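Enquirer: Residues per chain, in single letters:
There are 2 protein chains.
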Amino acid sequence: MKILVLGGDGYLGWPTAMYLAEKGHDVSVVDNFHRRLWDTEIGASSLLPIAPLQDRVSVWASLGKKPIGVHVGDITEWDFIESVFNKTQPEAIVHYGEHRSAPFSMLSRRNAVVTQVNNVVGTLNVLYAMKDLAPESHLVKLGTMGEYGTPNINIEEGFLEVTHKGRSDVLPFPKQPASFYHLSKVHDSHNIMFVCRAWGLRSTDLNQGVVYGVHTDETALDPRLATRFDYDDVWGTVLNRYCVQAAIDHPLTVYGKGGQTRGFLDINDTLKCVELAIEHPASMGEYRVFNQFTEQFTVLELAQKVAEAARKVGWDPIIENITNPRIEMEEHYYHAEHTRLLDLGLEPRYLSETLIDGLLGTVGGLADQVNRRLLYPGHSWKEGLLETQPVQ
Amino acid sequence: MKILVLGGDGYLGWPTAMYLAEKGHDVSVVDNFHRRLWDTEIGASSLLPIAPLQDRVSVWASLGKKPIGVHVGDITEWDFIESVFNKTQPEAIVHYGEHRSAPFSMLSRRNAVVTQVNNVVGTLNVLYAMKDLAPESHLVKLGTMGEYGTPNINIEEGFLEVTHKGRSDVLPFPKQPASFYHLSKVHDSHNIMFVCRAWGLRSTDLNQGVVYGVHTDETALDPRLATRFDYDDVWGTVLNRYCVQAAIDHPLTVYGKGGQTRGFLDINDTLKCVELAIEHPASMGEYRVFNQFTEQFTVLELAQKVAEAARKVGWDPIIENITNPRIEMEEHYYHAEHTRLLDLGLEPRYLSETLIDGLLGTVGGLADQVNRRLLYPGHSWKEGLLETQPVQ
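Protein chains in written order, with numbering that gives the first Met the number 0: chain A, 0 to 391; chain B, 0 to 391.
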């Protein structure tokens with residue numbers, strides 16, 4: 000199948016591109032390298048060195064793999080996305096091509112505007128490109144579980160059957176996102192739902208949980224095929240950060256009480272879920288939502304798991320509850336349904352000691368590369384700039 | 000009270016500015032004249048001639064009225080809105096400063112992007128200006144009943160109590176907007192709801208129905224104080240268009256079957272509702288929604304009312320059901336609650352024969368100014384450009 004991977008240079012985009020190429024698909028990646036630029040903005044970098052995209056695809060091809068095409072440009076520019084669609088005639092579009100950091104979106108007015116405009120306009124352009132140039136293509140859009148917030152009822156997959164004053168309807172699940180980034184994803188979801196209804200396009204919205212891990216069968220083939228490992232306060236996700244902290248004898252920083260419950264999944268399950276969505280496409284005119292995660296944990300539970308694994312390899316991290324820079328409930332009900340991908344055949348790789356051990360091993364060898372400045376949040380979503388930690 | 004009226008040169012903004020000044024408030028209007036520009040884009044104009052904003056405020060002051068300040072600029076530009084807030088120190092912000100046409104937003108990709116970026120960025124800037132420069136001010140934001148779509152349950156005012164699998168919560172009412180314009184308002188609503196929670200700002204979101212009428216106590220003082228009368232297929236609203244069609248012996252064009260039910264209100268009730276919201280502000284941190292309309296009608300019922308009134312003054316319009324350019328259900332359940340403004344003291348001016356007679360009289364005197372090209376929709380939301388009607 001001809002597949003476009005938007006944001007194909009990113010943490011998940013690049014492993015997805017290789018994975019789908021390995022399955023025999025005709026894959027092209029699209030990227031404008033904003034993600035690499037933003038590292039520069041906040042003075043961070045991936046702990047695992049990442050090769051230029053052009054080298055990544057060369058190395059991949061040199062291993063005898065099915066070549067991956069590259070289109071460098073910005074999907075918020077219509078001329079660019081139009082030419083990419085004309086050249087590639089995609090049957091499926093995997094859309095990772097968005098700003099993806101809640102803390103980044105909350106840093107300033109500029110960051111809020113940049114995040115929402117980038118994500119909304121990029122996605123609008125993709126939808127018009129589909130309508131005009133590939134009306135039967137299937138959009139596999141990366142959303143986020145964060146769109147739902149933390150309601151006091153079970154979170155369903157995209158829609159909710161409501162009975163009210165004696166009448167019933169199935170309605171979009173009410174959204175309570177908690178950052179300008181998460182809001183941008185909600186804006187997208189509404190726009191996509193509308194064009195499926197209005198124009199008969201089709202889309203699967205993957206409301207993804209927090210992803211952990213960096214190793215896939217394909218990244219393991221050559222160090223130059225590695226994907227990003229972010230541990231900083233802006234781009235890093237929680238499990239990755241804990242592992243880095245454990246490896247350098249730094250406290251594991253739990254935001255607030257740590258009762259924040261979220262859905263999590265292994266990077267390999269992300270790849271499998273995207274493949275399942277592509278293999279079992281939405282019907283024409285259908286907008287469907289899959290909640291893409293495999294397990295729920297509190298952020299404190301994750302810290303405890305990492306601390307336990309770390310102790311077994313001779314480290315002894317302490318857990319530190321720090322002031323929460325975010326605006327979120329620290330104790331709340333959370334139960335999100337996630338059966339639709341299981342129904343399609345997903346066999347989850349649950350979070351295991353082995354996985355954490357592997358991450359700790361990866362990180363342990365790079366401990367001297369860790370920038371300690373990035374391990375504490377530098378910005379409160381309510382109060383603005385926080386006193387930054389000294390470089391150590 | 001010091002009040003900013005964003006979009007204060009528009010159909011509702013200008014009458015609102017005069018009304019609030021007449022009530023003794025210290026009013027400044029902000030506008031970038033996009034609305035006048037868009038007339039040029041589609042080759043339309045207000046049936047009632049409208050004076051330049053600078054003349055409007057001069058005439059107003061020359062009548063001995065409390066002067067209205069003017070700030071010309073674009074609220075999507077941060078430097079501009081920042082300087083306006085610094086100069087005016089608003090206690091209330093009435094926010095009409097958005098693109099407001101569903102058909103305009105559906106004309107092309109460019110129009111969709113322009114509408115969403117303009118509305119989302121302008122509103123984000125207002126929210127940051129409030130946070131940084133006027134944190135206790137009250138945002139009175141014009142939303143639209145179109146945010147809700149046409150669910151098969153009663154539409155509540157902003158929130159819905161849901162019981163699901165044995166648990167309960169009060170959640171944002173699920174939104175099903177049906178144009179890129181309506182979607183932009185839903186995006187705004189989510190952004191505003193978030194900052195009230197995150198930053199403790201306060202806002203009243205007025206989900207307004209379709210407004211009819213042009214005459215207020217203030218516009219009646221001088222012809223140069225008149226507000227817009229739009230009857231074209233892009234900017235005109237349905238009752239206004241029917242009246243113009245009746246006056247020139249043109250069929251009243253009902254889109255599709257005409258069973259589309261919407262909420263409607265008189266322009267004078269818009270002014271009163273805005274005043275009530277200002278006088279009874281939201282609490283700090285509160286995001287509240289009022290459904291701002293007074294009656295529900297189908298678009299066919301409205302055509303019948305206009306036809307009946309027209310026959311009494313000697314005209315004899317026929318009703319023509321034309322192909323619906325929009326994407327909407329033409330027969331559906333519709334029952335929207337609207338008690339919160341009544342609870343605050345709104346005494347509705349219901350749609351009367353007198354009102355329609357008045358509109359027909361206004362329009363009758365201007366019949367030779369009507370541009371017939373603008374009376375049929377020129378663009379289908381699904382099919383694109385329609386064959387335009389010849390200029391007659």
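No wet-lab data here; the hints were simulated from the structure. There may be inaccurate statements among the hints.
If chains are identical, the list can't say which one is meant, so a pair holds when it fits in one copy or spans any two.
Unchecked claim - Computed list of lysine-lysine pairs in DSBU-like fashion (alpha-carbon distance at most 35 Å, straight line):
1. LYS304 - LYS65
2. LYS130 - LYS164
3. LYS381 - LYS256
4. LYS381 - LYS130
5. LYS256 - LYS64
6. LYS130 - LYS256
7. LYS22 - LYS86
8. LYS86 - LYS381
9. LYS304 - LYS164
10. LYS1 - LYS311
11. LYS1 - LYS381
12. LYS311 - LYS86
13. LYS256 - LYS1
14. LYS304 - LYS130
15. LYS22 - LYS256
16. LYS256 - LYS164
17. LYS64 - LYS130
18. LYS311 - LYS65
19. LYS304 - LYS86
20. LYS381 - LYS64
21. LYS304 - LYS381
22. LYS164 - LYS311
The structure presented is a predicted model; accordingly, all values stated were derived computationally and were not measured.
Enquirer: Tell me, which hint numbers fail for this structure?
Expert: Numbers 1, 2, 5, 10, 12, 13, 14, 15, 18, 19, 20 and 22 - these are the hints that the structure violates, sorted from lowest upward.
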